[in-house]
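Model the placement of chain B on the given structure of chain A, informed by the hints.
Residue numbers (the numbering used here), protein chains in the order written: chain A, 1 to 114; chain B, 1 to 112.
To be clear, the hints were calculated from the coordinates, so they are not data collected in a lab.
Check before you lean on any hint, since a few could be wrong.
[Claimed, not checked] Pair by pair, the computed Cβ-Cβ distance ranges are:
no., chain 1, residue 1, chain 2, residue 2, range
1, B, Q51, A, G3, 50 to 60 Å
2, A, R22, B, D39, 16 to 26 Å
3, A, S62, B, A9, 34 to 44 Å
4, A, S58, B, T5, 34 to 44 Å
5, A, G3, B, K1, 27 to 37 Å
6, A, S112, B, D39, 28 to 38 Å
7, A, S62, B, S53, 37 to 47 Å
8, A, K14, B, S70, 42 to 52 Å
[Stated by the list, open to error] Residues from chain B that face chain A, not an exhaustive set, calculated with beta carbons under 7 Å:
no., residue
9, L44
10, L49
11, K68
12, L89
13, G103
Note that CB positions come from ideal geometry on N, CA and C, so glycine has one too.
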Amino acid sequence: GAGVSQSPRYKVAKRGQDVALRCDPISGHVSLFWYQQALGQGPEFLTYFQNEAQLDKSGLPSDRFFAERPEGSVSTLKIQRTQQEDSAVYLCASSQVGGGDIQYFGAGTRLSVL
Amino acid sequence: KQEVTQIPAALSVPEGENLVLNCSFTDSAIYNLQWFRQDPGKGLTSLLLIQSSQREQTSGRLNASLDKSSGRSTLYIAASQPGDSATYLCAVKGGNTGKLIFGQGTTLQVKP
Chain A
1 GAGVSQSPRY
11 KVAKRGQDVA
21 LRCDPISGHV
31 SLFWYQQALG
41 QGPEFLTYFQ
51 NEAQLDKSGL
61 PSDRFFAERP
71 EGSVSTLKIQ
81 RTQQEDSAVY
91 LCASSQVGGG
101 DIQYFGAGTR
111 LSVL
Chain B
1 KQEVTQIPAA
11 LSVPEGENLV
21 LNCSFTDSAI
31 YNLQWFRQDP
41 GKGLTSLLLI
51 QSSQREQTSG
61 RLNASLDKSS
71 GRSTLYIAAS
81 QPGDSATYLC
91 AVKGGNTGKL
101 IFGQGTTLQV
111 KP
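For reference, chain A alone in the conformation it holds in the complex:
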């Protein structure tokens, strides 16, 4: 596609529900990143994939957060048993290679946990 696509754009969940957020990177981009952006803050790194391999998941805040990219293209970020503090915008970015290239960001998914 022309850019990084994320869905849904908005998600409202009741506390305790599981949610799944989807990211469709730019075609051919090897690297994929997930970031979490709280209101009024800069994005914070969650996890990084190179093709289907999850090379860095040091930013995932708890074991309730899980990400996968099984075929090296589309990625899903899953949050189990959502809590109010999970409310944030979840941004996905992709780049052509691992270390040096510009990261292109999607519009994000705004998650609100009630």
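Below, chain B without anything else, positioned relative to chain A:
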């Protein structure tokens, strides 16, 4: 641990002014530094990327400088316009992990 700070947090200027946004980082061992623009409800748009070996980059009315030894970068916007109103974020990339570490952003309002 790398920390990135942006000053000021918010800025309001009249149209036509030249302005400077500041970014500082605690660990000078960076791979590159990037400036982004974020409009409300939108993702991030990359404005300028400065590699660690470079001192500055220019694109149109934007100029970004990098002083790695002092841990500072500035984004200079010339002849500001109302369309420049947005949040500006700087981010550093350390090593080969690929992840970006962001500042909190500067929210700019340019008044007509």
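Hint by hint, here is what the structure shows:
For the pair Q51/B and G3/A, the beta carbons lie near 24 Å from each other, so the given range of 50 to 60 Å is not met. Take R22/A and D39/B: their Cβ atoms lie about 22 Å apart, and the range 16 to 26 Å holds. The hinted window of 34 to 44 Å between S62/A and A9/B is violated, with their beta carbons roughly 29 Å apart. Between S58/A and T5/B the Cβ separation comes to about 21 Å, which falls outside the hinted range of 34 to 44 Å.
In this structure, G3/A and K1/B meet the distance hint of 27 to 37 Å, their C-beta atoms being roughly 32 Å apart. Separated by about 20 Å at the C-beta atoms, S112/A and D39/B break the suggested range of 28 to 38 Å. About 38 Å separates the C-beta atoms of S62/A and S53/B, a value consistent with the hinted range of 37 to 47 Å. In this structure the supplied range 42 to 52 Å holds for K14/A paired with S70/B, their Cβ-Cβ distance being about 49 Å.
Look at L44/B: its Cβ gets to within about 4 Å of chain A, closer than 7 Å, so that hint holds up. The interface hint given for L49/B is met, as the beta carbon of that residue sits about 6 Å from the closest beta carbon of chain A, less than 7 Å. Restraint check, K68/B versus chain A: the minimum CB separation of about 16 Å is more than 7 Å; hint violated. Taking 7 Å as the C-beta contact cut-off toward chain A, the hint placing L89/B at the interface holds, the least distance being around 5 Å.
Among the interface hints, the one on G103/B holds; its C-beta lies about 5 Å from the nearest C-beta in chain A, closer than the 7 Å criterion.
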